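Novice: Residue numbers (our numbering), protein chains in the order written: chain A, 11 to 1522; chain B, 6 to 165.
Some hints here could point you the wrong way.
If you only want the chain B side, here are some residues facing chain A, beta carbon under 10 Å, derived [unchecked claim]:
{"id": "1", "residue": "A29"}
{"id": "2", "residue": "P37"}
{"id": "3", "residue": "H55"}
{"id": "4", "residue": "K87"}
{"id": "5", "residue": "K94"}
{"id": "6", "residue": "G101"}
{"id": "7", "residue": "I102"}
{"id": "8", "residue": "G103"}
{"id": "9", "residue": "K133"}
{"id": "10", "residue": "L134"}
Residues from chain A shown here face chain B by an in silico Cβ test under 10 Å; the list is partial [said to hold, decoys possible]:
{"id": "11", "residue": "Q614"}
{"id": "12", "residue": "V693"}
{"id": "13", "residue": "S1026"}
{"id": "14", "residue": "S1058"}
{"id": "15", "residue": "N1084"}
{"id": "16", "residue": "I1086"}
{"id": "17", "residue": "Y1219"}
{"id": "18", "residue": "C1450"}
{"id": "19", "residue": "V1454"}
{"id": "20", "residue": "G1481"}
{"id": "21", "residue": "E1486"}
If you're looking for bench data, these hints aren't it; they were derived computationally from the structure.
These numbers were taken from a predicted model, which means no experiment stands behind them.
Heads up, the beta-carbon is just placed ideally off N, CA and C, and yes, glycines get one too.
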Amino acid sequence: MEKERERQQEKIEKTGAVMIVGGGVGGMQAALDLANSGFKVYLVEESTAIGGRMAQLDKTFPTNDCSMCTISPKLVETGRHLNIQLMMDSEVMKVDGPAGNFTVTVRHKPRYIDISKCTGCSECAQVCPIITPGRFDEGMAQQRAAYKLYPQAVPNAYAIEKRGIPPCRDACPTGQRAQGYIALIREGRYEDAMRVIKEDNPFPGICGRICNHRCEDECNRNLVDQPLSIANLKRFVTDQVYKQPYIPPDPLPYQFGEKVAIIGAGPCGLTAAKDLRKVGYPVTIFEALPIAGGMLRVGVPDYRLPPLIVDREVREIIDLGIDLRLNTPVSNLDDIMKEGFKAVLIAVGAHEGRKLPIPGTDLPEVLINTQFLRDVSLLSLGMHKDPAGKEIRDPKADIQNRHVLVLGGGNVAIDCARTAVRLGAAKVDMACLESREKMPAHPDEVKEAEEEGITVYSSRSFKRILDKDRHVAGVEAVKVTFMEFDQDGRLNLETEEGSEHVLPCEVVIFAIGQRAGLAFIPESAGVGVTRMSTIAVNPNTFAATRPGVFAAGDVTTGTSFVVEAVASGHKSAASIHRYLRGEELEPVPLPELPVVKLTKEELQERVASGDVRVTPRVRIEPRPVSQRTSSFAEVSPGYTEEEAKAEAARCLACGICSECLCCYYKCGLGAIHHDMVETQEEVQVGSIILSPGYEVYNARLSQEYGLGRYPNVLNALQFERILSASGPTMGHVQRPSDSQLPRKIAFLQCVGSRDQDHPYCSAVCCMYATKEAIIAKEHEKEIQPTIFFIDIRAYGKGFDAYYERAKKEYGVRYVRCAISRVVEDPQTKNLWITYIDDAGEIKEEEFDLVVLSVGMVPSASTRELAKNVGIELDAYGFAKTDSLTPLATSRPGVYACGVFQGPKDIPETVAQASGAAAAASEILSEVRGTMVARKEYPEQKDVREEEPRIGVFVCRCGNNIGGVVNVPGVKDYAASLGNVVFADENLYTCSQDTQEKIKKAIEEHKLNRVIVASCSPRTHEPLFQETIREAGLNRYLFEMANIRDQCSWVHMHEKEEATSKARDLVRMAVANANLISPLEELTKGVIKRGLVIGGGLSGMTAALGLAEQGFEAVLVEKESELGGNLRHLKTTLDGKNIPKYLEELKAKVTKHPRIQVFSNAVITDFSGYVGNYKTNLMVGPRMFTREVEHGVTIVATGGEELNPKEYLYGEDQRVLTQLELEGFLHGDGKRVQELKEIVMIQCVGSRNEERPYCSRVCCAEAVKNALTIKSLNPRARVTILYRDMRMYSMLEEDYARARKAGVRFLRYEEERKPEVAQKDGKLEVTVYNPVLRENLSYHPDLLVLSAATIPADTAELASMLKVPRNADGFFLEAHMKLRPVDFASEGIYLCGVAHSPKMIDESLSQAAAAVSRACTILAKDQIQVGGVVSVVDPEKCAACLTCVRVCPYNVPVINKDGVAEIEAAMCHGCGICASECPGKAIKLQHFTDEQVMAKCDVIIEVLSEAFRGERV
Amino acid sequence: MEKFEPIVIAFCCHYCAYTAADLAGTMRLQYPYNVRIIRLPCTGKVDIRHLLEVFEKGADGAYVAGCLEGDCHFLKGNFRAKKRVALAKQILEDAGIGGERLEMYNMSAAMGPRFAEVAREMTEKIRKLGPSPIKKNAERKAHSAERKEEQTAEHITQKV
C-alpha cells in the first residue's frame, strides 16, 4: 500500500515551490530557510504586514531581549528575498492535487493601496481623518483608517481598512460620505469637508438646510443615544467655507463633441449638467425662469434657505463652463433636437400647483402654493414679470392683516404658512388631511410653525370654500377618521358623519402637491407621459421612450426631495454619457461592500470600554420667535465651530474608511484605489506549510474577570503594549482609568487555559507573566507585582533561573492559588481579589491593575484554513499531529508548525518552522533549484583608479522631507561640494521609476559614487545598493544621508535648522563617499556533506534528513551502538511503540547510501569554516584515524539520566529511576501485578543549587509510567510527589487523564523535601503536605525517582568546535529566540538534548530544523564572503593576541607566518578587533577610522560655523 | 552673555540605537539638532581614539549608544564600548576637559522615546557645562593669531 503510494508519488511531476501560510515568526523562518535552500516560496498572510505576534511583544523571555530588535532583520530579509513572494491580505481557499504538485487557490482581499507603488511615505495616513482603535496596540492607541500596522512593518506599505458602507451613506440617495466630512469637521478641515460633500452633492449649503436627512434616521448612534446631527454639520461646513470670497473654478476642458441640452436649471438639471461637463461634454441649460436654481430658488422661502447660498452653489456649477439660457422656456422638444443636441435631459421639476376640485376655488383670495412662493421670491429679486411675461401681483397685498388658511400638511404647506406670517398676515392656520403624527412635514418644522403662532387643524377634509360677496369667507371642513393612499396613489378616505364645521379665513392657499408642466411635449414628440402626468422613464437608465431623450427629477416622480433630484441628476448624466458613447445603457453593477449595522451588544461593549461616551447630540436653538416672524432672516443660526466639532466627535465611524478620498488626492504615486475588489489566483506548489498562529483568548467571555467592564483589567498583550517603548503610553506604566502609575499589579494565570473549554496549558503564560512583572519593575521600582498561579511551568531552557531571579532579585510575589473573581471599587477603580493564602486563610487584597494571562486559542480563520486545505484538527482547533511525526498533518505534503500545532513559545516555533521547511523540501529535493530566480548582473566596472565622481539624489519623500527641508536648496548645496558631478531631486527616490533614473544618471554622468539623501539606510540601503549594482557599480560605492527619520521628522517645526542639518548630513555623506572603495566579495565552494555528531534520536534523524535532502551525511557516535536514550524508552505518552520506531530508524540510517556511520568514534581535530570544514576522527575499536571534509556540522551529543545520590538510590533495590521503571513495567507483567503502593518523587537532581534547571521531561515521564501502572494494575496506588506539575501544552490532557485514573498528586515544598528511610525492611517516605499542613507517610513497594537529565560530557568537543556551552553544560545557541538551532559560528548547528532536555517530538522537530538550517548552506554551490569584514595588515601585526581574545566569534588566529589572520568567511563585521588592536593593524572595511573621523570632522566644522553664525 | 550651542556627537550602533533614532523620527519626537549621529555596525567599533579626537577637534560632548546589555547583536560589543568609554572619560577628566562630557547609553531598537530623551538630556547637560575647554583655548589662540595678523597688516599699511 505504502509502496504503491510511493510509486505514484514518483510519477508526479513535482513543483519546486512551497506555500507557507502565516507570516509570523514561524512562517518567516520557514520561508527564509526554503528560499535559501533552492525553493520558490509563496508566503500567504491574511493581514497587511508580516511579523505576527512577536512584532507586538515588547521583550522576550528569558533574556529580556527586545522583540522588535530581534525580529526586525528577519522582517527585512523576508520582505526583500528574491525568491519569497509575499501574498498579503490573502487567504487559501482550496487545495487540489497530490503532494508534490498542489494547485492552491488563493483569495486576495482588497487592500485599496497598490503595494507595488506604495513607498510607505505615510502621507495617506497623515491626511486620513478617521480615527479607530489600533489593532497593533490592542485597541489602546488610535490609528487612522489608512494605516501601516506598525512602524517597522514589512512590506513597508500602507493599507486602508474598510468595514463596509456606513448606514448614513447607504440611506442617502446620493451616497453622501457623511462619515468622511464629519471626521474632517472634527479635525477642523472645512475645505476638505466641503470637497468630500461635493464628491456626491453639488448643493451642500442647500441640503444642509432643507434635506429630509434620512441619514440621521439610519445612524447607528440611534442605538446609543441620539443620531448625529448630520444635516446641521453639513450646513456648518458651508457656513465656514462660504465665508471666504468666491473664487470661480477654472472652466473645464472639452473631451467630446456631442452637445447635450438640459431643460430646467433646478437641482436635478444642474447636477446632471455638472457631471456631464466634468466628463467633457458641451452642456446647455434651458431655463424658463429669469433665475437658475429651480424650486430651490423660487420654491423654498428665504428664512429656510437664504438665496445667497443657492446663488453661490448654482454659480459654481455654471462657472465650470456651462451655457445657461435663462428666460428661455422650451415650447417644443423638437426645436431643441433640431439645434443639434445629441441628447436632451428633461428636468423641469414639478412647478404647477394644484387646487382641489371643490366649489369656491375661483375666488380671488384663493392662491396656489408654488405660484405664491415663486411670486414672493421673484418680487424680492426685483423682478415683476412671471415666466409667461405676465405682471406679478404682489401676494403681500392679499395677505397683510388677513386671516390665512393653508390647505396641506407637507413642507411646502408649512413654507406657505410661515411665509404668510412674515408677510404680515393677521393670523395663519393650516389644515390637512393627515393626522398630526402622519403629517409629511418635518416635525421640527411643524414645531417651529406653531411657535410662530400657526394653528394646525389636522385630519380635515375640505368640502368647499365659502363665498361671501365673491370673497373667501372660510373653508367648510369635515373630520377625517381614516385616510390612506393605495399603491396606485389613490386616496381612501373615511370621514365622520355630521362633523362639518367651518374653518374661518379670508385667504386660502392650496398646498396639496405639485406636478410638472408638460405642455411643451405634445403627443407627437414621441415621449411617453404617465397617468400621473410624469414622464415615463426606465428607472435604471432614465431614458424616456424617445431615443436620446432622458428625464429625471420631479418630472418623472412627482414632488420629491432635493436630494432625490440630485441623485437622479447624477444617474441620468451617467446614463447619457453611456448613451453618447454607444455603450450599454444599463450600468453594470459593481460589487459593493456590506452596510455596517452595528449591534446593540457591540455598542454596549464600546460604551463599557470607554471607547464611546454616551452624549446626546449638540442642539441648536432656533432664533427667538419675535426675531424671526418679522423678517425672512434664517431661522436656524447653525452650529458654532465649537459645537460642530463636539457634535462631529460623536460619530462612530461605522465604516472605518469613509472613502473621503483625502488619501487619493494626496498620494503622489497614484497608489490608492478605492474601487479595488477581491481577486483569486491559482498557484502551483509542491508542498504547504501552515503556520497561521493563534489569537489570545477573548477574556471578555470570562466575565468574572471584568475585562472590558473594568478599565483597569487588561489582557497580557495589552499590558505588553503598555510596556513597549513604542506602545500607547511610550513605555510608561500607566493604568487606563486615570493614567496613574499602578503600584500593585496582579497577574492572574490560566485565563482561557486549563479550564473546561480549554483543557490544555498555553505553555507560555507563566513565563510571559514573569517577564511582564520583571519589565514593569524595571520601568518603575515602586511596582509590586503579584502572580497568582496554579503551577509555575518554567520548563524551558533558562526558564527556571529566570523565575528564581524574578522572585529573588526583583521581588516578584508568587501566590499559588486560582482566582475566581475580580471586583471593582467603583470609586477608585481599584480591583479586589479574594484568595486563599499560604496559611489557608481567605484573604482580600486590593490591586491598582489586574493583568489577565490569557491563553492561546486557534482563531476562527485557522479553522476555515484547515477546512479549505483539507486537514484534520484536534478538538480545540489545533492541527492534528502525532508525537513521532510532529510536523506532518493528516494530508500528505501539508505540514504544520508553531502554535497552530499546539501552544508553544517562540524558539520552539522557530525550530518547528525550520523543521517543517525540511519536511516540506524533503519530498521536493529532486526539484530543488528549478523554480528559483537568479539575478544576473552586468560586469562590475573597475573604478579603483578613477577620481571620485559623486552623484547625489535628494528625496522629497512627498511632503515628509519636502514639506520641512528646502530640498532644492540641499540639492544645489550638494552640487557645490567637491567631487560631486551630479545632483538631482526626486519626489520619491525609492519608487521604481527613480531607480531607472539613477541608473541612467550613473551612465550619463559616469558616476562612480552614489549618495541618496532620503530615509534610513537600515531600510533602504539594500535597495539602492542593488540599483547601483545593476548599473555596474560595486555595492559599496553607495552612501546614504538620513534626512527624513533623523532630520525632517525630528525637526518638523524648525524648517531652517532642518534644512541646514540636511545639508550637513549630505556633506558628511560626501566626505565619506570620497573615502569609500569597492569591496570584493570572494566566492568559495561548498562541500556538500554534513557531519553529525551523536547517534541518538536527534543525530540519526538529522543524518537521515540530510541524506534525504540529497546530501551526504557522516554520523559519528561515541558508543558502539546507535540509539542513545531511545534504547531505554518503550512507549510515548500517546502510545507509540518506541523500540519498533528505533529499529526502523536505525535500519534507514545504516542502509542509506548517502550516510556513513562511524561508531565508537571520537573527534580529535576540527578546523575550517562554513562550507569547508575538516574533521579528524579516531574510529574504534582499532582506533583508525579518519579525515572528513564537510560543509556543515550538526551537534547532537544528547544527554543522559542522572544517577541520583539521594533517597537511598543504589542502596535499596526498590528505589528506581523513571527510565528503570519503564524497563521494569515492560518486563515481567506478573511483578507489576504484585505492586500495591508506588511513590514517585519529582525534581530529583533538578531545580536545585547544583542543577538549577528544570529537566522538562520528568513530569510527563512520571505521568506516563503512572498511567502504565494503572492500566496494568488498576488497584495499585500511585502517588506522585511534585513541586510544580509541568505538564505544558497538550500534556495537560495527560495530567487530567492520570488524575482521572486515580493517580494521586501531592505537592511538596522545596524547603521540605520528602524524606526516605528504611524501617523494618520497608521503605518509608515522609512528606509534608502544605495544604493539610501535616506530615504524611507512605510505605511503597517501589520508590521511583524522576532524576534530572544531564548533558553529555562535551567540554573537549566544545573547545575544539569553539562553540559555547551554558553553565549547566548544555550547548548555547546563537540566539535563544530566533536562532534556536544555530551556533553563532555559521555552518554549525545543534539539536536535541545537547541543546536542553526535551521530549521526543521536540527533538524530532529540532533535528529537522538543524537539517533545514544546514541545507541553506549545502544547497549553495558557492558562498560569497567578504564585504564589511575586518582585514589584517600583516606588516603591522605584532601577534599580541588581542584580536584573538576579543573576537566574540573566535575568528582571528595566528597563522603560520606568526601574524593574525581573519577568515573573511567567518567574520561577522562587528569591528571589535579593529578598535581594540593596539597596533592598528586591523581595519574594518567600509567603516575605517578615516571614514569615521572624516564624518566627525564635518560635524564639528559645520556646527562650529553654524553656531558662530548664530552668535553674530 | 551669548547663548552657547554645544556640538554633540552620538556614536550609534546600527542594530539598536540607530534604529531607535529612526523610530524617534517615525514617532515625530523632536530633539535638538545639536546632536549628530555617526552610524557604526556595533558600539564595539568605537575606537577610543575617536572618542578623544572629537574633543580635540572641537566637540563639546559625545556619547556612545549601543544595545541593551546582553542584547548586543555581536554578543558583547557594547561591553567593550562600555569599558572604552569609562577609560576615555577618565582621560578626559585627567586632561581637564571633563569626563562628564562623554557618556555611554544603552537602548533597544524599540526605544525611540528614550533616544530623543537622551539627545535632549545630553545637549542640556553639555549646555550647562559650557564650551569644551579645548575649544576655548583654541579660540583664544585663534583670536590672538588673528589680532597678530591684523597688527602686522596695519604695520605693513603704515609702512606703505
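Novice: Are the hints correct? Go through all of them and say.
Specialist: How the hints compare with the structure:
no.	hint	verdict
1	A29	6 Å, holds
2	P37	9 Å, holds
3	H55	6 Å, holds
4	K87	12 Å, violated
5	K94	16 Å, violated
6	G101	19 Å, violated
7	I102	15 Å, violated
8	G103	17 Å, violated
9	K133	16 Å, violated
10	L134	15 Å, violated
11	Q614	34 Å, violated
12	V693	34 Å, violated
13	S1026	5 Å, holds
14	S1058	8 Å, holds
15	N1084	16 Å, violated
16	I1086	14 Å, violated
17	Y1219	38 Å, violated
18	C1450	16 Å, violated
19	V1454	15 Å, violated
20	G1481	3 Å, holds
21	E1486	7 Å, holds
Violated hints, listed in ascending order, are 4, 5, 6, 7, 8, 9, 10, 11, 12, 15, 16, 17, 18 and 19; each of the other numbered hints is respected by the structure.
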